[in-house]
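Novice: Listed here are the chains, written in short residue letters.
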Amino acid sequence: MKRKNNKFNKRSPNPLNKLSLFQKSDSRFPKKCPLSGKDAPIIDYKNVKLLKRYVSDTDKIMPSRITSVSQNKQRKLTSEIKKAKILGLI
Amino acid sequence: MNFYEHTLITKQDLSTPELENIEKKYKDIITKTAGKVIKIEKWGLLSFAKKIKAYGKGFYIHYKFEAESITLEEIKRNSIIDNSLIRHLTVKYKKLDTDTEYFKEKDINEKKK
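Protein sequences appear in the order of chains A and B. Under the numbering used here, think of the first position of the first sequence as 29, with each following residue one higher. Under the numbering used here, think of the first position of the second sequence as 1492, with each following residue one higher.
With the rest of the complex left out, here is chain B:
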């Protein structure tokens, strides 16, 4: 078992139930193949630095999980077929830090203080 991080970029013209479906789909894939989801982060709608396949923006979904190599193949196979995804990236880690969130939106109350 190893630790991995996986990020998906979906198209920007999706409704909220569709986004939740995608998030649930990949969560199920991990759990079905004997993996363990540690954390899911939604970074929200971000604009790209450069255009990717004629798209300017996209929704980011970020997974942190523990799994074998079978799940990685399964995720990769599914995300290549998937039409609503633009890009995906998996990174292997020896240790996961779940505390720091780089894309967290700041609360309004914190700004005032």
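So that you can see chain A by itself, here it is in the shape it has in the complex:
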């Protein structure tokens, strides 16, 4: 737990303090998974409204590095999206 808390607090005060332009900033805020935690929406192939958010314009499944969905939920999402595609809902 301690290590996790450190991650949140670790923020450089000024982004201009960097040595070079391409140096990675420490201030990157870790985004939480939108599908886990309390009162998260149910991932189901009938819940088309939710699934459409995680599909691109050309009906491809969005990678988790963009949507910041956790690994466990991403696996569930892909299987449900594929079921919805069979029924022609997406």
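By construction, these hints were calculated from the structure, which means they are not laboratory data. Heads up, a few of these hints could be off.
Unchecked claim - Residues from chain A that keep clear of chain B, each with C-beta distances beyond 10 Å, as calculated:
(1) F50
(2) K59
(3) S64
(4) I70
(5) K88
(6) S98
(7) Q102
(8) I114
To be verified - Keeping only pairs whose Cα atoms sit at most 25 Å apart, straight-line, the calculated DSS-like set for lysine-lysine is:
(9) B/K1583 - A/K104
(10) B/K1533 - A/K77
(11) B/K1523 - A/K113
(12) A/K66 - B/K1586
(13) A/K104 - B/K1516
(14) B/K1527 - A/K80
(15) B/K1502 - A/K111
(16) A/K60 - B/K1555
(17) A/K77 - B/K1583
(18) A/K111 - B/K1544
(19) A/K111 - B/K1548
(20) B/K1541 - A/K88
(21) B/K1516 - A/K77
(22) A/K77 - B/K1527
(23) B/K1542 - B/K1585
(24) A/K113 - B/K1541
(25) A/K77 - B/K1555
(26) B/K1595 - A/K111
Using N, Cα and C, we set each Cβ at its ideal position, and we do this for glycine too.
Position chain B relative to chain A; hints supplied.
Specialist: Relative to chain A, chain B alone:
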């Protein structure tokens, strides 16, 4: 005994008695092979995201039931032969939630409020 969900997609140019026949046919198959129908939902006429076998629309019928594996084979065998069906899908569940309906049409009275 396990819980299952089964959805059928029929062709769009069917009359209402024909649709009721199809709904009854698969309900009978489940009950004949010692299964138990928990709920039947009619989602109505929905348009597909993409064309399936040159069809643009279809009627959706959704079953929630409890059965053994024999009924699944029976359903699958029947729906492959059936000419009026376009597609079907069965999903196994540990727990069924019968409360939430995603394809329910909203009442006019609720919209006003």
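Novice: Against this structure, judge whether each hint is valid.
Specialist: Cross-check of the supplied hints:
no.	hint	in the structure
1	F50	holds, 42 Å
2	K59	holds, 27 Å
3	S64	holds, 19 Å
4	I70	violated, 8 Å
5	K88	holds, 13 Å
6	S98	holds, 21 Å
7	Q102	holds, 19 Å
8	I114	violated, 5 Å
9	B/K1583 - A/K104	holds, 14 Å
10	B/K1533 - A/K77	holds, 19 Å
11	B/K1523 - A/K113	violated, 31 Å
12	A/K66 - B/K1586	holds, 19 Å
13	A/K104 - B/K1516	violated, 33 Å
14	B/K1527 - A/K80	violated, 33 Å
15	B/K1502 - A/K111	holds, 20 Å
16	A/K60 - B/K1555	violated, 34 Å
17	A/K77 - B/K1583	holds, 22 Å
18	A/K111 - B/K1544	holds, 18 Å
19	A/K111 - B/K1548	holds, 18 Å
20	B/K1541 - A/K88	holds, 14 Å
21	B/K1516 - A/K77	violated, 31 Å
22	A/K77 - B/K1527	violated, 30 Å
23	B/K1542 - B/K1585	violated, 32 Å
24	A/K113 - B/K1541	holds, 9 Å
25	A/K77 - B/K1555	holds, 21 Å
26	B/K1595 - A/K111	holds, 20 Å
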